[in-house]
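Student: Chains as they are written, first to last, in the numbering used here: chain A, 1 to 291; chain B, 1001 to 1559; chain C, 2001 to 2231.
Please note that the accuracy of each hint is not assured.
With a cut-off of at most 20 Å between alpha-carbon atoms, the simulated EDC-like pairs for lysine to aspartate or glutamate come out as follows [said to hold, decoys possible]:
1) C/Lys2216 - B/Glu1048
2) C/Lys2034 - B/Asp1544
3) B/Lys1204 - C/Glu2145
4) A/Lys71 - A/Asp102
5) C/Lys2224 - C/Glu2213
6) C/Lys2087 - B/Asp1544
7) C/Lys2218 - B/Glu1044
8) C/Lys2142 - A/Asp115
9) B/Lys1193 - C/Glu2093
10) A/Lys12 - C/Asp2130
11) C/Lys2183 - B/Asp1203
12) C/Lys2034 - B/Glu1251
13) B/Lys1420 - C/Glu2213
14) B/Lys1193 - C/Glu2197
15) C/Lys2217 - B/Glu1044
Here are the simulated distance ranges between beta carbons [said to hold, decoys possible]:
16) C/Leu2061 - A/Tyr200: 48 to 56 Å
17) C/Glu2227 - A/Asp111: 44 to 52 Å
18) A/Glu207 - B/Glu1415: 54 to 62 Å
19) A/Asp111 - B/Met1038: 46 to 54 Å
20) A/Lys99 - C/Leu2061: 21 to 29 Å
21) C/Lys2199 - B/Glu1091: 53 to 61 Å
22) A/Lys206 - B/Arg1243: 31 to 39 Å
23) B/Lys1521 - C/Pro2211: 40 to 48 Å
24) B/Lys1504 - C/Leu2061: 47 to 55 Å
25) B/Lys1509 - C/Ile2089: 30 to 38 Å
26) A/Tyr279 - B/Lys1507: 50 to 58 Å
Computed footprint of chain B on chain C; a stretch qualifies when at least three of its residues, placed anywhere within it, have a C-beta under 8 Å from a C-beta of chain B [claimed, not checked]:
27) 2039-2050
28) 2178-2192
Keep in mind that the hints were calculated from the coordinates and are not lab data.
Note that beta-carbon positions come from the ideal geometry of N, C-alpha and C, so glycine has one too.
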Amino acid sequence: MKIPYFPGCSLKSDAAHFEQSAIEFSKTLGVELVELPNWNCCGTVHSLTTDDIMHHLACVRNMVHAQELGKQLGTNKLITLCAMCYNTLAQVNELAKKKPDDLKTANEFIDDLPDYEGKVEVLHLLTFLNNYVSFEKIAKVVKGRLNGLKLAPYYGCLLVRPEHVKVDDRERPVLLSKLLGMVGAKCVEFPYAVECCGSYHTVNLKEAVIEKTYTIVNNARENGADAIVLSCPLCEFNLDKRQKDVKAVYPTFEPMPVFYFTELLALASGKKVNVNAHYVSPENVLRKYGL
Amino acid sequence: MPRRSVIEMELIRGYPEYMRESIEMVAKTREARAKEVMRRLTLEEREEVLKGFHPDYKPDAKVEIKIGPSKGEKAPKEVERLLEAEPLIDESDVDLTKVDFDVDILIIGAGGAGTVAALWAYYSGVPKENILMCTKLRHGDSNTMMAQGGIQSADRPEDSPAIHYLDVLGGGHFTNNPDLVEKLVMEAPRIIKWHESLGVMYDKDANNNFIEISGGGTSRFRMHSAKDYTGMEIMRVLRDEFRNLGMKVLEFTSAVELLTGEDGEVTGAVLFNMETKQYYVVRAKAVILATGGFGRLHIMDFPTTNHYGATGDGLVLAYRAGARLVDMDSVQYHPTGAAYPEPIVGLLITEKVRGLGAQVINKIGKQFVFPLEPRDVEAASIIKECYSTENYVVTPTGLRGVWLDSPLIELLRGEGTVVKSLGAMHRMFARFGIDMSQDPILTFPTLHYQNGGVAINVNAETDVRGLFACGEVAGGIHGKNRLMGNSLLDVNVFGKIAGISAAKYVKHKHSKGKLTLNHLKKYRKELKEAGIKSELKSPMLLPDYRGKAVLSRKLDIVV
Amino acid sequence: MEETKMIKVYIMGKEHEVPEGLTIMKAIEYAGYKIVRGAGCRAGFCGACATVYRKANDYKLRVALACQTVAEDGMYLTEIPFVPANKAIYDIEKVTPKANIILQHYPEVARCVACNTCTKSCPQDLKVMDYIQAMKRGDIAKAAELSFDCVQCGLCAARCPAEIVHYHAAQLARRIYGKYIAKPSPNLEKRIKEIEEGKYDEEIKKLKQMPLEEMKKKYMEQQKNAEKERD
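Full structure from sequences and hints, please.
Tutor: Put into structure tokens, the structure is as follows:
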């Protein structure tokens, strides 16, 4: 099965291991993620101003690319990995469906591409795996097991909010726990699963993010986790790379590795984790579980 | 003669129907020609075609210079007129006691040579505050920017600086200054290395070596290129580096006269702000002339490939200050200027087109000259075909030309090569509906390069103390004919040498000289003695292309 | 003989009659303007003559290089000879080819909304937005390649709603590519070493002292044995 796929900017640089593991794992399921030709930045962050069509153009352009590639591949689906991209694309896609007049305006402005017809279905990989592959099938296909690796599943904001684009329950999401549980991980109760990571404050208000990361990582540890698992390059940056800054402020702080969920799926299906892509090295934790 | 209405003419993929007939013939012979190699001319045959058809050999092309250090030597009449014209300013116009810029080095001209000189003067320890560059247009507006095909450097194992040396000398009919040629070829690889380190994007192969092709009169593949924007790429990078270093350039500010000291040494210049019309007095320990060439003088009424400011100002400035000129009797016509469509007539079609395999073809689809003879020989051969046979193509406006069979490149090197390696050329013709990867393009020689210029030695010093010269304004390097790819090399090599030499010179020179225009007195005296009374003023600064109707009704009222 | 047909063009709003078939630049000059700012190479390489225009009865704002475009009847035009745009200052020796390097020097690149106006404003028909997008995702090689034919006229920067200075950012991308991503040529290194060791001094000295006739013979020999095209 070939499905159009939107990577997003981070997956081409800092989060290359996210993309790579997702592509590899999908292959083991017989799913080929086909990168959109000429895709552009999703246009993050989604603009909430009702008449701000200019800031939705980036998404609409991507939708056109997805629509055209989809026609060739015989599908109307578009898969994304980054929670931020997913959220932005999905929200604009909803608007395009609900507000045909605005879509017309956007289409007329984008005179170098075919019109967007409003029919693409934007899916986060998690949703795709759940709805169109099934976790049971994954459990059957994946040969290896994660040996009871204790994980704190972290969703942050953008996978579960707002209501009309959420991939799971807003307050008590379970998809990650279910999925990773099927391949042998043990996900702990984690009250901070939908806490904000501090997001873009990381650029000019590092202190705020340091506090967030300190709290979230400690909470994961207190609940018995050995690692955090997530699906957003910005959350990953704040929760993984910012641990260095946390340590500088809180010298007794104990670092904890952070994984993309696709890294663990790929690991469970026999691939290696690229430990060099991590700030907090996962080597000790992996060794502890014989992985 | 009234022009025929080109726009209303029915065009088929950019060409009128009658030209299409000839294009058909070119297409028909293409496959057979792909394997056909024309014989190179012997030295005697070269001589013969040059004498018969090169514009330099026309009886009225050149005249004797009547005054000054190169008195008695020949130069194009368009140059001679400027060398014997009235200065733009005289002593009473300017107050030389008030110095606006007091620097170690003044560089006149901000193209390739000027910018390279500025950078190397800075590298050589002259503080950036003590280096001032000026240009009558914008920084980078120059022939360097327009050089397309490439830059020579003998760096392949099959090649050597000695082979390069002999190619240069033979191309120049053995009239070059051998010491300058030696500098040129020996310095070439180090220049390319410098460019690499600055981040110039040369075309490279899978092993990171340069993709090199041949040019007219070169016996090895030696042409380094950056698509067909080689000069633009080099110029952009040099300018970016200059800006990063925070160096100073005065744009739209031309030099109108050099200043000399008590012993005749150059001590600065009078600059002219072309926008506010104000003048500046610059005092400098050394002046580097990097003013470029003279294409915009339209020698023998030829159109030119040159940029807007190529009016030979440096020749005039240097000559009045007492510098000798060399090889002014030879002018380079590029064999392949555009001959059609009309709006781009005379613009350069890079030699790289022939370097990649395109042949020169007449009206009936036949080759008549080896495509990569040295430029003067190639140009003369094309003129011969157009003016001594019937096998030329006439454009709707009455110009004559021959075909450059660019589609042959696709045949030889694979589909897509034209767009990939000749993007600028392809774009230029595509703007007029012509796809040069499918159809040949019509060419005729165009005024391209000032072979001669101000005489310099291996340190880029002129005959006048304190005055250095580099780039197209300098002469002797290429003798009577320059080879392709040696001008980009020349501006870099001698720009570098000028920068280093001037830096050395100002380090040892503790006091700055007096600022006078005494050399103008001498110059005027010579004009008078020779009985010359010119209506013309020089340097020219910019050519005047305004409509005749407007100029005939012009009033000089200051507003 | 036909008479030269005259057309009307509106230069900065003022009506002028000019002969048909001239480039915009030559039409401006024919109308009596001596250009100081707004002409450079006159051949499509320097970006000095960026021009915006509208045709009669057409809402579209079009762009051109004045030296490379023929004036048309009813054209409303002006040259834009300068665009204010700040260039980042950097030491190329200290810049590294990491993914976010362009964003570090030109953070406004991140503001791109993918409207594609820059691409539509490019008289060279470059995919400007695509190279800005490549920069955003850290693909310096792609940005360098897509921007290579840029003449730096600045029209993209003049039209961009995100106030990006595309052509300056692209210059940085290309220099990083040329210096760091493209590797030094091994042939060149070797040749420089040879030159510095004086390998060619003797040979050139001999050539310089050679009698003219002998040298001519050697030259023609060299030309005759010129390298042939490799397969």
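Student: It remains to establish, for every hint, whether it holds in the given structure.
Tutor: Hint-by-hint comparison with the structure:
Distance restraint check for lysine 2216 of chain C and glutamate 1048 of chain B: the Cα-Cα separation of roughly 17 Å lies within the 20 Å cut-off, and the hinted pair is therefore satisfied. About 7 Å separates the Cα atoms of lysine 2034 of chain C and aspartate 1544 of chain B, which keeps this hinted pair within 20 Å; it holds. Distance restraint check for lysine 1204 of chain B and glutamate 2145 of chain C: the Cα-Cα separation of roughly 13 Å lies within the 20 Å cut-off, and the hinted pair is therefore satisfied. With a CA separation close to 24 Å, the supplied pair lysine 71 of chain A and aspartate 102 of chain A exceeds the 20 Å bound.
The hinted pair formed by lysine 2224 of chain C and glutamate 2213 of chain C meets the criterion: a straight-line CA distance of about 17 Å does not exceed 20 Å. Straight-line distance between C-alpha atoms of lysine 2087 of chain C and aspartate 1544 of chain B comes to about 33 Å, which puts the hinted pair past the 20 Å bound. For a cut-off of 20 Å, the pair hint linking lysine 2218 of chain C to glutamate 1044 of chain B stands: about 15 Å separates their Cα positions. Of the pairs offered as hints, the one joining lysine 2142 of chain C and aspartate 115 of chain A is violated, with about 27 Å between alpha carbons and a cut-off of 20 Å exceeded.
With a CA separation close to 14 Å, the supplied pair lysine 1193 of chain B and glutamate 2093 of chain C stays within the 20 Å bound. Taken as a hint, the lysine 12 of chain A and aspartate 2130 of chain C pair is honoured in the structure, with Cα atoms around 15 Å apart against an allowance of 20 Å. With a CA separation close to 11 Å, the supplied pair lysine 2183 of chain C and aspartate 1203 of chain B stays within the 20 Å bound. A threshold of 20 Å between alpha carbons decides the hint, and for lysine 2034 of chain C with glutamate 1251 of chain B the separation of about 17 Å falls inside it, so the pair holds.
Note on lysine 1420 of chain B and glutamate 2213 of chain C: the hinted pairing is violated, with a Cα-Cα distance of about 43 Å set against a maximum of 20 Å. For the given pair, lysine 1193 of chain B sits about 17 Å from glutamate 2197 of chain C by alpha-carbon distance, which is consistent with the 20 Å threshold. Restraint check for lysine 2217 of chain C and glutamate 1044 of chain B: satisfied, since their Cα atoms lie roughly 12 Å apart, inside the 20 Å limit. For leucine 2061 of chain C paired with tyrosine 200 of chain A, a C-beta distance near 35 Å fails the hint of 48 to 56 Å.
Distance hint check for glutamate 2227 of chain C and aspartate 111 of chain A: the Cβ-Cβ separation is about 50 Å, which falls inside the suggested range of 44 to 52 Å. For glutamate 207 of chain A and glutamate 1415 of chain B, the Cβ-Cβ distance of about 59 Å falls inside the hinted range of 54 to 62 Å, so the restraint holds. A hinted range of 46 to 54 Å holds for the C-beta pair aspartate 111 of chain A and methionine 1038 of chain B, which are about 50 Å apart. The given range of 21 to 29 Å is respected by lysine 99 of chain A and leucine 2061 of chain C, whose C-beta atoms sit roughly 28 Å from each other.
Here the CB-CB span from lysine 2199 of chain C to glutamate 1091 of chain B is close to 55 Å, well matched to the stated 53 to 61 Å. Separated by about 33 Å at the C-beta atoms, lysine 206 of chain A and arginine 1243 of chain B satisfy the suggested range of 31 to 39 Å. Checked against the hint of 40 to 48 Å, the pair lysine 1521 of chain B and proline 2211 of chain C passes, with Cβ atoms roughly 46 Å apart. One distance hint, 47 to 55 Å for the beta-carbon pair lysine 1504 of chain B and leucine 2061 of chain C, holds here, with the actual separation near 54 Å.
The hinted range of 30 to 38 Å is satisfied by lysine 1509 of chain B and isoleucine 2089 of chain C, whose Cβ atoms lie roughly 32 Å apart. At about 51 Å, the CB distance of tyrosine 279 of chain A to lysine 1507 of chain B agrees with the hint of 50 to 58 Å. Under a criterion of three residues with beta carbons nearer than 8 Å to beta carbons of chain B, the stated coverage of the segment 2039-2050 of chain C is upheld, 9 such residues being counted. Coverage of a stretch by a chain is defined here by at least three residues with a beta carbon nearer than 8 Å to that chain's beta carbons; for the segment 2178-2192 of chain C and chain B the count is 14, and the condition holds.
Hint compliance for this structure: hints 4, 6, 8, 13, 16 are not met, and every other hint is.
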